[in-house]
Amino acid sequence: MIEIESLSRKWKNFSLDKLSLQIKAGEYFVILGPTGSGKTLLLELIAGFHIPDSGRVLVDGKEVTHLPPEKHNLAFVYQNYSLFPHMSVKKNIEFGMRMKKIKDPKRVLDLARDLKITHLLDRNPLTLSGGEQQRVALARALVTDPKILLLDEPLSALDPRTQENARELLLDLHKKTNLTVLHITHDQTEARIMADRIAVVMDGKLVQVGTPEDIFENPVDSQVASFVGFENVLKGRVLSADRGLLRIETGEAVIDASGDMEAGDQVYAFLRPENIALSKTSTQSSIRNSLQGRVTEVWILGALVRVKVDCGVPLNALITRQSAEEMKISPGVPVYAQFKASSVHVLR
Amino acid sequence: MIEIESLSRKWKNFSLDKLSLQIKAGEYFVILGPTGSGKTLLLELIAGFHIPDSGRVLVDGKEVTHLPPEKHNLAFVYQNYSLFPHMSVKKNIEFGMRMKKIKDPKRVLDLARDLKITHLLDRNPLTLSGGEQQRVALARALVTDPKILLLDEPLSALDPRTQENARELLLDLHKKTNLTVLHITHDQTEARIMADRIAVVMDGKLVQVGTPEDIFENPVDSQVASFVGFENVLKGRVLSADRGLLRIETGEAVIDASGDMEAGDQVYAFLRPENIALSKTSTQSSIRNSLQGRVTEVWILGALVRVKVDCGVPLNALITRQSAEEMKISPGVPVYAQFKASSVHVLR
Amino acid sequence: SMTFVFSLILLVLFLFIFLTLSNMIFGQLLGDFSGLIKAVENSSVMGAISLSLYAGFLATLLALFLGVPTGYILARFDFPGKRLVESIIDVPVVVPHTVAGIAILTVFGSRGLIGGPLEPYIQFRDALPGIVVAMLFVSMPYLANSAREGFKSVDPRLENAARSLGAPLWKAFFFVTLPLSARHILIGAVMTWARAISEFGAVVIIAYYPMIGPTLIYDRYLSYGLSASRPIAVLLILITLSIFLVIR
Amino acid sequence: SMTFVFSLILLVLFLFIFLTLSNMIFGQLLGDFSGLIKAVENSSVMGAISLSLYAGFLATLLALFLGVPTGYILARFDFPGKRLVESIIDVPVVVPHTVAGIAILTVFGSRGLIGGPLEPYIQFRDALPGIVVAMLFVSMPYLANSAREGFKSVDPRLENAARSLGAPLWKAFFFVTLPLSARHILIGAVMTWARAISEFGAVVIIAYYPMIGPTLIYDRYLSYGLSASRPIAVLLILITLSIFLVIR
Numbered sequence: 499m500i501e502i503e504s505l506s507r508k509w510k511n512f513s514l515d516k517l518s519l520q521i522k523a524g525e526y527f528v529i530l531g532p533t534g535s536g537k538t539l540l541l542e543l544i545a546g547f548h549i550p551d552s553g554r555v556l557v558d559g560k561e562v563t564h565l566p567p568e569k570h571n572l573a574f575v576y577q578n579y580s581l582f583p584h585m586s587v588k589k590n591i592e593f594g595m596r597m598k599k600i601k602d603p604k605r606v607l608d609l610a611r612d613l614k615i616t617h618l619l620d621r622n623p624l625t626l627s628g629g630e631q632q633r634v635a636l637a638r639a640l641v642t643d644p645k646i647l648l649l650d651e652p653l654s655a656l657d658p659r660t661q662e663n664a665r666e667l668l669l670d671l672h673k674k675t676n677l678t679v680l681h682i683t684h685d686q687t688e689a690r691i692m693a694d695r696i697a698v699v700m701d702g703k704l705v706q707v708g709t710p711e712d713i714f715e716n717p718v719d720s721q722v723a724s725f726v727g728f729e730n731v732l733k734g735r736v737l738s739a740d741r742g743l744l745r746i747e748t749g750e751a752v753i754d755a756s757g758d759m760e761a762g763d764q765v766y767a768f769l770r771p772e773n774i775a776l777s778k779t780s781t782q783s784s785i786r787n788s789l790q791g792r793v794t795e796v797w798i799l800g801a802l803v804r805v806k807v808d809c810g811v812p813l814n815a816l817i818t819r820q821s822a823e824e825m826k827i828s829p830g831v832p833v834y835a836q837f838k839a840s841s842v843h844v845l846r
Numbered sequence: 499m500i501e502i503e504s505l506s507r508k509w510k511n512f513s514l515d516k517l518s519l520q521i522k523a524g525e526y527f528v529i530l531g532p533t534g535s536g537k538t539l540l541l542e543l544i545a546g547f548h549i550p551d552s553g554r555v556l557v558d559g560k561e562v563t564h565l566p567p568e569k570h571n572l573a574f575v576y577q578n579y580s581l582f583p584h585m586s587v588k589k590n591i592e593f594g595m596r597m598k599k600i601k602d603p604k605r606v607l608d609l610a611r612d613l614k615i616t617h618l619l620d621r622n623p624l625t626l627s628g629g630e631q632q633r634v635a636l637a638r639a640l641v642t643d644p645k646i647l648l649l650d651e652p653l654s655a656l657d658p659r660t661q662e663n664a665r666e667l668l669l670d671l672h673k674k675t676n677l678t679v680l681h682i683t684h685d686q687t688e689a690r691i692m693a694d695r696i697a698v699v700m701d702g703k704l705v706q707v708g709t710p711e712d713i714f715e716n717p718v719d720s721q722v723a724s725f726v727g728f729e730n731v732l733k734g735r736v737l738s739a740d741r742g743l744l745r746i747e748t749g750e751a752v753i754d755a756s757g758d759m760e761a762g763d764q765v766y767a768f769l770r771p772e773n774i775a776l777s778k779t780s781t782q783s784s785i786r787n788s789l790q791g792r793v794t795e796v797w798i799l800g801a802l803v804r805v806k807v808d809c810g811v812p813l814n815a816l817i818t819r820q821s822a823e824e825m826k827i828s829p830g831v832p833v834y835a836q837f838k839a840s841s842v843h844v845l846r
Numbered sequence: 003s004m005t006f007v008f009s010l011i012l013l014v015l016f017l018f019i020f021l022t023l024s025n026m027i028f029g030q031l032l033g034d035f036s037g038l039i040k041a042v043e044n045s046s047v048m049g050a051i052s053l054s055l056y057a058g059f060l061a062t063l064l065a066l067f068l069g070v071p072t073g074y075i076l077a078r079f080d081f082p083g084k085r086l087v088e089s090i091i092d093v094p095v096v097v098p099h100t101v102a103g104i105a106i107l108t109v110f111g112s113r114g115l116i117g118g119p120l121e122p123y124i125q126f127r128d129a130l131p132g133i134v135v136a137m138l139f140v141s142m143p144y145l146a147n148s149a150r151e152g153f154k155s156v157d158p159r160l161e162n163a164a165r166s167l168g169a170p171l172w173k174a175f176f177f178v179t180l181p182l183s184a185r186h187i188l189i190g191a192v193m194t195w196a197r198a199i200s201e202f203g204a205v206v207i208i209a210y211y212p213m214i215g216p217t218l219i220y221d222r223y224l225s226y227g228l229s230a231s232r233p234i235a236v237l238l239i240l241i242t243l244s245i246f247l248v249i250r
Numbered sequence: 003s004m005t006f007v008f009s010l011i012l013l014v015l016f017l018f019i020f021l022t023l024s025n026m027i028f029g030q031l032l033g034d035f036s037g038l039i040k041a042v043e044n045s046s047v048m049g050a051i052s053l054s055l056y057a058g059f060l061a062t063l064l065a066l067f068l069g070v071p072t073g074y075i076l077a078r079f080d081f082p083g084k085r086l087v088e089s090i091i092d093v094p095v096v097v098p099h100t101v102a103g104i105a106i107l108t109v110f111g112s113r114g115l116i117g118g119p120l121e122p123y124i125q126f127r128d129a130l131p132g133i134v135v136a137m138l139f140v141s142m143p144y145l146a147n148s149a150r151e152g153f154k155s156v157d158p159r160l161e162n163a164a165r166s167l168g169a170p171l172w173k174a175f176f177f178v179t180l181p182l183s184a185r186h187i188l189i190g191a192v193m194t195w196a197r198a199i200s201e202f203g204a205v206v207i208i209a210y211y212p213m214i215g216p217t218l219i220y221d222r223y224l225s226y227g228l229s230a231s232r233p234i235a236v237l238l239i240l241i242t243l244s245i246f247l248v249i250r
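Protein chains in written order, with the working numbering: chain Y, 499 to 846; chain W, 499 to 846; chain V, 3 to 250; chain X, 3 to 250.
Mixed in with the good hints, there may be bad ones.
[As the list claims (entries may be wrong)] Calculated pairs, DSS-like style, for lysine-lysine (alpha carbon to alpha carbon, straight line, at most 27 Å):
1) Y:604 to X:154
2) X:84 to Y:569
3) V:173 to W:588
4) W:673 to Y:826
5) V:84 to W:560
6) Y:778 to W:778
7) W:604 to W:560
8) Y:826 to W:838
9) W:510 to V:84
10) W:508 to V:84
11) Y:614 to W:806
12) X:84 to Y:588
13) V:84 to V:154
14) W:673 to W:645
15) W:510 to V:154
16) Y:673 to W:614
17) W:599 to V:173
18) W:598 to V:40
19) X:173 to Y:560
20) W:645 to V:84
21) Y:601 to X:173
22) X:84 to Y:599
23) Y:522 to Y:510
24) X:173 to Y:598
25) Y:508 to X:84
26) W:645 to Y:806
27) W:589 to V:154
28) V:84 to W:569
Rather than coming from a laboratory, the hints here were simulated on the basis of the structure. Fair warning: this is a prediction, and the values are worked out from it, not measured in the lab.
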């Protein structure tokens, strides 16, 4: 368990401002935030590489704020893995045991087998692929059996295919060993897939903590909303509110949404492009918006197509190439943009 | 018009091997190939920065193979834009005119207006964003009114949003000025969107030339096929062939495809993940394959979900998150993998 | 802690250098200021110091003329024997100073390979040309290496871009490559000049006369002892350091 | 073309350095080989050369002891006045050699700030310690700068990783940081040693005797002329260059 109490620190261009956070034992906790938001600084403060300007860090109830890093007893894996380039993979893994004077050669071999790096033990780390380096870094960090694992952007140096395997590996490790994992990333998809809970950090401040559902379905403010992928931001006014069902006027369109606003409220409606479907025919219903409009721009992005539709308000939709071809989507074509009322996220 | 005749050159780790190619006047021509395939070397040979070991380069019918680069009369824009950091944006754009002793200040201003960089003219290029730098580099290259524009990976240094604008800009420029554009890239989507014609270069050799449709629907060999996104590669045997409609046995499945093979032929069938739809119900027809299978792995990739299905052969499908949720796709779930016979590309 | 011990050692090193120089300088300024004034008023002292600065300047000019093109070739082209050429150009840095003097005298003396044929036209021994050649020999590598690093730091694609815009190679060099490596070359020139005017051993062998600053200091020290040579030493270093500060 | 002209200039520079050294060396080897043999058999010649190598070795050891911790602090920490400290540590490179000698004599002479109190225990003037101090003063910056660059090239995250694995700072330093900057430090040590044994001006002022190689060359040149000093010069440079080649 990690308790962070009102932690502040300025360092180079980064700063953290009175950040408090509790991470439960055994949790897979992800800190999500854009590049430069101070995430790595936070991780380095927890690991003891920096001393905070104010505030405390407690690990399992014991204050470690001013202890040197070697007394924090947690495993730390950097984005670039930071393997020692002058030691073999085996020596890298044994390093922690040498420092802590633990003799247990079997543990190195067991861990190497679990992480599928037995065949790499005599290699130099510089000759390994990104995915292999990561597994070695994990073995090195876990060999002395720490209870807490800190991961600094663990997937961002890997190519997409290796990322898939690495995610699986990390979740597996977490499940099997009952580790508390604190993982930082700027990638919302990664956070959504992996986290038990997520904290969103922006500009050195904690903005929201919650389950992935909380964060991705109910972002607390517009900054979080657009960071987690609600690209369509519609400014409007609530026309009527009836038991949670809102009618909102935005631009020259009226949309249905759900929320606890009142008639007359000025609101913002957030909508993900992938939640907007396009159709040649209208299929109106009480819980489904269907706005008539006209395609203004089309961009093919591999298997997906991004379509801008003018429905009185401009909407960005993301559809498959196949359906774009079937509907012969191109600028000027009339379409209906359809989305569920429940996929509109409304904030004041 | 550019004619390349049997061009060979070894340089560092790159080499070109007897490459011949003709680019027509006014064409938007894309050279597509993986990193390290020698694309940039080819472009630098055309521009005269290297002398080929053998072969010739002709521009508008005139041989330029051994002329120094300043006599090639073509515009060259590097991936990093290579703006002169010790000159203002304006001086950068004027450089070509200074060298060619052309005095026409209006041309600089007109071009700056067309490329929307008038407000940047007094800035230092190092302070510009990637997209701005690219527009300045284009202005600098085009100010002396060349007939041919060579682009070295022009989009790969830009973030995705800026890429969209840059594509539009390049296509616009091409349309308005009747420039011959030779654009190299490793990105198949970029090639597909932008090219009039595409040449695929691999390991220094020309593998295929054709329209985007030719390349992406009818790759000549398995190397090109998997490079342009046919991720599913099924090895099989033609059971029957009837007026272009093939039945192919692969693994424990039989699929329909089209091609001019004969019964008994050993073939490879290529299939894009985005062309495979998943469904809970079978909708068999003569031109649509529908293979019964079971989900083995699921990976959420933002708005898309990648699903591995075992249908007697393993198939990778790419579907939207929405439909994955509606079908409650998860490992173990039975599904039908459906794809048109026409989206199977068959090669011997 | 380790950091504390290391900081103490840094302090010792700093004090060794700082005290050694400041003790001499302030000892002179505070203890015997009139000696310094006398040195300034002495024409042979000022003549020797001026000669140091002037000969150093000439050596630097020659070094620029030879070192800038050399640096460019080494930065841009590969050729067989390149590593040997680079090593030879670096050798003067490690040659003991009087050995360099003997070598220069052998070649540029009146019976030497170069000095012999040139004897009717130019005198090296005990003359300004000899001083300049000795200074050039020991300081040359600084300029050639700086220029090479400067040119290496300029992306060749900038040169290519200039050429595709219509610049022949020499225009690309003068309008793009040279301005962008000017800082490196300037720093190299300052180091070359400083190395040239600091030289004693190589110069004293080919030309005891006319005396440069370091030779005069040695001469006074031998004839009249420490107190007679120290004012000149202080004067020389103060002038050198202030020229440095001005250039930076 | 420009490339051709530049290549010619490179050739001139190369020949200037190569001919100067090879003319002296081959002139001796081919023209007066017996003179070289006599020098090898002469005990005062071999004694002076050995003293050069030995004193240079001691200066390098001291430089390592002082320069490695200094380089680490400068690479890893920011503190007020850091730029001043770095500048002062670099000053010996630009101090004229006889000026350095005068400064060292001022401080380490028998009436000096340090030499005075130490007089009963250790003699600097005309003694090995004086030679070593003079060599250390002029060569120190090479080691401190190399070590600093070496430590800068080691990612601090490697140190952090070692510490999170249970290593206190000094173990992280000795097991991770130091081995990874060993190459830089070794190159710095070789340069320091080369600079130390090449010094003449600073050494000759604090200690004409016991004679080091460069001093003996100068002494023989003054007393007996070029032909008497050249064999020693050739011997010294051959020994120096071969030690270099062995180390590299």
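Which hints, by number, does the structure contradict?
Hint check: 1, 2, 5, 7, 12, 16, 18, 20, 22, 23, 26 and 28 fail, others pass.
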